[in-house]
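Undergrad: Counting from 1 along the sequence shown, just add 1098 to a position and that's the residue number in our numbering.
Among these hints, one or two may not hold up.
Pair by pair, the computed Cβ-Cβ distance ranges are [to be verified]:
#	residue 1	residue 2	range
1	Lys1163	Thr1138	35 to 45 Å
2	Met1099	Glu1129	45 to 55 Å
3	Arg1103	Thr1138	23 to 33 Å
Because the hints were derived from the structure by calculation, they are not lab data.
Everything numeric in this text was worked out from a predicted model, so none of it was measured.
By construction, the Cβ of each residue, glycine as well, lies at the ideal position given by its N, Cα and C atoms.
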Amino acid sequence: MQHGRRAMGIVVFVTSIAAFMLYAWLLLASEWSLLIIKYTTLMLVACITGIFAWLGLSIAIAKSKSSRSSSSSRSGDGGHKG
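Please put together the full structure from these sequences, using the hints given.
TA: Encoded structure:
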């Protein structure tokens, strides 16, 4: 099991280094550098706005603690005779 995790880690490491080298070459030495900058900026903006959209959705659909505690206290008070 340990050997498989180590091999997977090496594959991820080598792939990351190779991807960076390819990106650097495309950005600095190819004729597509302007296009690479545009796509990189587009992906960055998409990731940031996607995170904000996910955050907004999470806030919108989450139940607040106060509504949960007040609804449970109402149901608890109705059955309790004192």
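Undergrad: Take the hints in turn and mark each one as holding or not.
TA: We went through each hint and held it up to the structure:
Separation of Lys1163 from Thr1138 is about 41 Å and conforms to the stated range, judged on CB atoms against 35 to 45 Å. For Met1099 and Glu1129, the Cβ-Cβ distance of about 47 Å falls inside the hinted range of 45 to 55 Å, so the restraint holds. Taking the beta carbon of each, Arg1103 and Thr1138 are about 31 Å apart, inside 23 to 33 Å as hinted.
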